[in-house]
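2 protein chains.
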Amino acid sequence: MTAEIISVGTELLLGNIVNTNAQYLSRELADLGISVLRQSTIGDNPARLEQWVTEAKTRADLLVFTGGLGPTADDLTKETVAACYGDTLHFDAQEWDKITAFFTRIHREATPNNRKQAMVPTKGHKIVNQYGTAPGAWFVDGDRQAILMPGVPREMKAMWEESVRPVLAQKQEQTLVSTTLRVFGGESWIETTVGSLLDHENPTAAIYCKPGECEIRITARAADRPTGEQMCRDFAKKFYEVLGPAIYDADVPGPAWTVVRLLREKGLTLAAAESCTGGLLAEQITQVPGASEVFGFGYVTYWEQAKAKMIGVNPDVIAQYNVVSAPVAAQMALGAKRTAGADIGVGITGIAGPGGGDAQRPVGTVFVALAMGDCVWTRHLTLVSNTRQDVRLRAVVCVLDMIRCAASGLEVPGTVWTPEQVDNPTLKPVHE
Amino acid sequence: MTAEIISVGTELLLGNIVNTNAQYLSRELADLGISVLRQSTIGDNPARLEQWVTEAKTRADLLVFTGGLGPTADDLTKETVAACYGDTLHFDAQEWDKITAFFTRIHREATPNNRKQAMVPTKGHKIVNQYGTAPGAWFVDGDRQAILMPGVPREMKAMWEESVRPVLAQKQEQTLVSTTLRVFGGESWIETTVGSLLDHENPTAAIYCKPGECEIRITARAADRPTGEQMCRDFAKKFYEVLGPAIYDADVPGPAWTVVRLLREKGLTLAAAESCTGGLLAEQITQVPGASEVFGFGYVTYWEQAKAKMIGVNPDVIAQYNVVSAPVAAQMALGAKRTAGADIGVGITGIAGPGGGDAQRPVGTVFVALAMGDCVWTRHLTLVSNTRQDVRLRAVVCVLDMIRCAASGLEVPGTVWTPEQVDNPTLKPVHE
Chain A
399 MTAEIISVGT ELLLGNIVNT NAQYLSRELA DLGISVLRQS TIGDNPARLE QWVTEAKTRA
459 DLLVFTGGLG PTADDLTKET VAACYGDTLH FDAQEWDKIT AFFTRIHREA TPNNRKQAMV
519 PTKGHKIVNQ YGTAPGAWFV DGDRQAILMP GVPREMKAMW EESVRPVLAQ KQEQTLVSTT
579 LRVFGGESWI ETTVGSLLDH ENPTAAIYCK PGECEIRITA RAADRPTGEQ MCRDFAKKFY
639 EVLGPAIYDA DVPGPAWTVV RLLREKGLTL AAAESCTGGL LAEQITQVPG ASEVFGFGYV
699 TYWEQAKAKM IGVNPDVIAQ YNVVSAPVAA QMALGAKRTA GADIGVGITG IAGPGGGDAQ
759 RPVGTVFVAL AMGDCVWTRH LTLVSNTRQD VRLRAVVCVL DMIRCAASGL EVPGTVWTPE
819 QVDNPTLKPV HE
Chain B
399 MTAEIISVGT ELLLGNIVNT NAQYLSRELA DLGISVLRQS TIGDNPARLE QWVTEAKTRA
459 DLLVFTGGLG PTADDLTKET VAACYGDTLH FDAQEWDKIT AFFTRIHREA TPNNRKQAMV
519 PTKGHKIVNQ YGTAPGAWFV DGDRQAILMP GVPREMKAMW EESVRPVLAQ KQEQTLVSTT
579 LRVFGGESWI ETTVGSLLDH ENPTAAIYCK PGECEIRITA RAADRPTGEQ MCRDFAKKFY
639 EVLGPAIYDA DVPGPAWTVV RLLREKGLTL AAAESCTGGL LAEQITQVPG ASEVFGFGYV
699 TYWEQAKAKM IGVNPDVIAQ YNVVSAPVAA QMALGAKRTA GADIGVGITG IAGPGGGDAQ
759 RPVGTVFVAL AMGDCVWTRH LTLVSNTRQD VRLRAVVCVL DMIRCAASGL EVPGTVWTPE
819 QVDNPTLKPV HE
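Here the protein sequences line up with chains A and B, keeping their order. The opening position of the first sequence corresponds to residue 399 in our numbering, with each subsequent residue numbered one higher. The opening position of the second sequence corresponds to residue 399 in our numbering, with each subsequent residue numbered one higher.
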């Protein structure tokens with residue numbers, strides 16, 4: 399089966415919002431073995447929409463729409479697509495009751511323009527919306543189908559998972575199974591290392607780069623899911639052989655998930671002291687359900703006096719070495735570990751920009767540290783970037799890698815200090 | 399002038415990545431008065447790409463491509479588009495030197511597959527890439543143009559701002575000016591309130607909803623920028639008249655920017671104590687350049703003992719009222735204010751989910767508090783949502799609104815307590 403994803407909304411063409419729905423649906427359709435030929439975004443203009451739908455209907459078996467079901471007057475997607483699939487709409491009292499009930503639940507009143515949301519297909523059928531006021535619509539014209547879902551991601555995702563994916567899964571016999579390896583490192587390095595593995599026919603492999611890390615997505619075509627999963631596992635082995643521990647996990651949303659899992663497995667607790675990242679590390683860790691088992695204390699020590707007061711960083715060390723320095727990062731990590739009574743403490747201090755850089759410490763200069771047992775590791779990062787948030791993200795990814803290494807018994811990258819040397823940095827680190 | 403944005407990459411069709419470039423370029427083109435007719439995403443398949451480019455070239459004056467310029471073997475965009483625009487590519491020694499120099503700078507070695515990135519247009523011209531190894535390409539065929547930029551957002555944005563936008567700006571005489579009002583509240587409420595203002599011809603207005611807030615984007619067509627800006631200002635006035643202080647700012651990336659600006663203007667400092675949001679508030683605040691002037695202390699008190707140890711929350715109050723309660727949020731806000739010696743302290747405690755909810759405190763139950771002067775305000779939020787991160791975001795937006803109100807002298811929503819009542823919650827709040 400082939401599909402096209404059509405996102406409707408002038409706000410998309412004007413660039414008011416990012417289209418995350420297209421990504422989500424592309425991945426979901428691929429997993430169902432439905433090839434996505436194209437993603438398109440078009441405006442609310444009904445004439446242009448009708449022309450586009452008529453064309454797309456001839457190209458693809460399935461058209462998946464998001465957006466254009468809201469209460470606003472310019473939302474005419476449902477009416478337009480209904481016509482293209484030889485269907486009409488009628489008022490659904492039950493949907494209208496749900497709409498009014500929903501508004502009562504969130505302590506608001508349904509507005510007259512919500513009423514058009516209660517219009518549903520006559521020949522096709524409506525799709526229930528658990529989290530919003532706009533029901534979806536499913537139109538069928540012979541072997542051609544169109545599915546309309548809301549543009550609000552959480553409403554669309556819930557509708558897809560509960561009412562659309564199960565139905566499509568039944569129709570599909572061939573399955574497409576994917577696994578995503580997550581790797582610390584840059585695209586060129588990984589590409590050179592894995593070489594010809596990327597030219598493989600089935601399973602296929604594709605690389606995508608994120609700040610500080612890359613994803614390798616392996617996708618296998620098979621008659622059934624178990625076979626596809628086995629093909630993915632076998633092919634993944636080849637990547638593990640060449641990339642080794644640079645692959646930090648598979649099929650996780652990000653390194654924070656891996657770190658929380660490892661800490662839980664090892665029964666280790668973590669405390670974080672953050673300056674330039676301003677809580678981003680703590681935020682990433684606590685995004686993971688179950689993080690409360692391993693993480694309890696986060697110190698956002700944005701000011702020098704906060705570093706001293708909250709985790710006992712020595713002001714003389716700041717004065718002597720600069721607040722953006724290895725000795726200060728080391729004291730932050732050790733201070734967080736001691737103050738929180740945690741097994742692992744980490745510290746991050748740096749210059750995220752846009753201002754604050756100089757010749758000696760340009761924007762992107764970040765010192766990170768990890769304290770565990772009788773060792774403290776520090777790293778001096780030079781993050782080539784042009785945005786403040788990117789520098790912060792890359793710094794956090796580096797620290798998450800250090801935590802992963804420490805928790806899983808791998809060698810932690812960086813310069814090794816003893817706690818004594820951290821407390822009195824005039825003593826030199828073990829390996830400079 | 400009309401344009402289409404074409405994103406190239408199988409990784410997009412497979413859903414490996416979100417296409418943020420399309421949003422960025424749509425907004426930029428709109429601001430130049432160039433109408434974006436369509437956004438399309440297609441795979442790396444050269445045959446399909448060539449067919450698509452040939453079609454699009456007849457529809458739009460300008461095709462803006464992102465992606466497909468990387469070092470990977472399946473990147474054939476440049477070659478394909480060159481052919482469609484009657485151009486060829488040749489090796490550029492200067493680009494090759496830059497590529498090798500770039501790799502030296504980031505302490506890596508250029509790989510053989512980077513060499514194809516040094517191929518540039520013969521009839522058209524290359525576009526310099528300051529932040530990556532892949533130069534862009536500008537093809538011209540009569541009155542039709544194609545611009546190719548890398549897929550990595552930071553590389554693409556830098557290239558656009560430095561080498562593409564200035565050239566296009568010259569060609570444009572009519573300008574499209576936009577302003578974005580940011581409003582706390584839900585779409586239906588705002589739509590009903592502003593009513594017919596949304597049907598206006600020029601300027602136009604469009605609403606988009608985000609967690610806890612909405613954007614109203616006003617767009618004016620005019621001969622020149624000053625006229626367009628005046629039209630936007632005049633039309634914006636009408637929205638201020640009906641929405642009043644619900645409009646928290648205009649043309650800012652988000653509420654954190656407004657809060658940091660207000661705190662700087664008023665010379666107020668802020669300290670944050672976060673439980674369920676795990677540092678998200680601190681992270682949002684410190685995303686804003688200059689935040690260090692107003693924010694120095696962030697307490698991520700994820701555990702009960704952290705609440706007690708870091709900011710002096712009374713364990714008996716937790717035991718008596720539950721850790722997710724107004725009295726605990728109030729003690730967190732007051733404790734953060736006192737411990738940090740800040741003018742304003744905020745506290746957040748709640749159940750972000752997916753687990754941890756019960757009949758009395760379902761997932762989405764969050765208590766937030768703000769302490770300033772002799773008052774502490776608490777709010778009980780019930781955040782209808784289906785994701786952990788969405789609950790966290792909405793809670794943070796509510797707190798940012800409270801800070802905005804407190805800093806700008808507006809009435810702070812919520813129940814008012816005296817510090818004495820917070821320290822000893824058996825005394826009732828002023829207005830329950």
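No lab work stands behind these hints: they were computed from the structure. Every value quoted in this text rests on a predicted model; they were computed, and no experiment measured them. Where hints are given, some of them may not hold.
[Unchecked claim] A short list of chain A residues far from chain B (calculated; beta carbon distances all over 10 Å):
no.: 1; residue: 540
no.: 2; residue: 708
no.: 3; residue: 756
[As the list claims (entries may be wrong)] Only pairs whose alpha carbons sit at most 25 Å apart, straight line, appear in this in silico PhoX-like list of lysine-lysine:
no.: 4; chain 1: B; residue 1: 608; chain 2: A; residue 2: 514
no.: 5; chain 1: A; residue 1: 496; chain 2: B; residue 2: 455
no.: 6; chain 1: A; residue 1: 569; chain 2: A; residue 2: 524
no.: 7; chain 1: A; residue 1: 514; chain 2: A; residue 2: 496
no.: 8; chain 1: A; residue 1: 555; chain 2: B; residue 2: 608
no.: 9; chain 1: B; residue 1: 608; chain 2: B; residue 2: 636
no.: 10; chain 1: B; residue 1: 555; chain 2: B; residue 2: 455
no.: 11; chain 1: B; residue 1: 555; chain 2: B; residue 2: 608
no.: 12; chain 1: A; residue 1: 555; chain 2: A; residue 2: 635
no.: 13; chain 1: A; residue 1: 569; chain 2: A; residue 2: 555
no.: 14; chain 1: A; residue 1: 496; chain 2: A; residue 2: 569
no.: 15; chain 1: B; residue 1: 455; chain 2: A; residue 2: 455
no.: 16; chain 1: B; residue 1: 707; chain 2: A; residue 2: 707
no.: 17; chain 1: B; residue 1: 455; chain 2: A; residue 2: 608
no.: 18; chain 1: A; residue 1: 569; chain 2: A; residue 2: 608
no.: 19; chain 1: B; residue 1: 455; chain 2: B; residue 2: 521
no.: 20; chain 1: A; residue 1: 707; chain 2: A; residue 2: 636
no.: 21; chain 1: B; residue 1: 514; chain 2: B; residue 2: 555
no.: 22; chain 1: A; residue 1: 608; chain 2: B; residue 2: 521
no.: 23; chain 1: A; residue 1: 496; chain 2: A; residue 2: 455
no.: 24; chain 1: B; residue 1: 514; chain 2: A; residue 2: 608
no.: 25; chain 1: A; residue 1: 496; chain 2: A; residue 2: 521
no.: 26; chain 1: B; residue 1: 569; chain 2: B; residue 2: 555
no.: 27; chain 1: A; residue 1: 524; chain 2: A; residue 2: 514
All C-beta atoms, glycine included, are put in the ideal place defined by N, C-alpha and C.
Hint check results:
1. 540: Per Cβ check, residue 540/A is outside 10 Å of chain B; nearest 25 Å; holds.
2. 708: 7 Å, violated
3. 756: 16 Å, holds
4. 608/B - 514/A: Holds, at about 22 Å.
5. 496/A - 455/B: 47 Å, violated
6. 569/A - 524/A: 19 Å, holds
7. 514/A - 496/A: The given pair, whose Cα atoms are some 13 Å apart, holds under the 25 Å limit.
8. 555/A - 608/B: Holds. Residue 555/A to residue 608/B sits at ~16 Å (cutoff 25 Å).
9. 608/B - 636/B: Holds, because 22 Å separates the two Cα atoms, which is no more than 25 Å.
10. 555/B - 455/B: 23 Å, holds
11. 555/B - 608/B: Roughly 24 Å between the alpha carbons, so the hint for residue 555/B and residue 608/B holds.
12. 555/A - 635/A: 32 Å, violated
13. 569/A - 555/A: 20 Å, holds
14. 496/A - 569/A: 30 Å, violated
15. 455/B - 455/A: The given pair, whose Cα atoms are some 22 Å apart, holds under the 25 Å limit.
16. 707/B - 707/A: 13 Å, holds
17. 455/B - 608/A: Distance ~32 Å between residue 455/B and residue 608/A Cα, so the pair is violated.
18. 569/A - 608/A: Given that 25 Å is the threshold and the Cα spacing comes to 35 Å, the pair is violated.
19. 455/B - 521/B: 17 Å, holds
20. 707/A - 636/A: Since the Cα atoms of residue 707/A and residue 636/A sit roughly 50 Å apart, the hinted pair is violated (cutoff 25 Å).
21. 514/B - 555/B: 22 Å, holds
22. 608/A - 521/B: Violated, because 34 Å separates the two Cα atoms, which is more than 25 Å.
23. 496/A - 455/A: Violated: residue 496/A and residue 455/A sit about 32 Å apart, past 25 Å.
24. 514/B - 608/A: 22 Å, holds
25. 496/A - 521/A: 22 Å, holds
26. 569/B - 555/B: Given pair residue 569/B, residue 555/B holds - Cα atoms ~20 Å apart, limit 25 Å.
27. 524/A - 514/A: 13 Å, holds
Comparing the model with each numbered hint stated earlier shows that hints 2, 5, 12, 14, 17, 18, 20, 22 and 23 do not hold.
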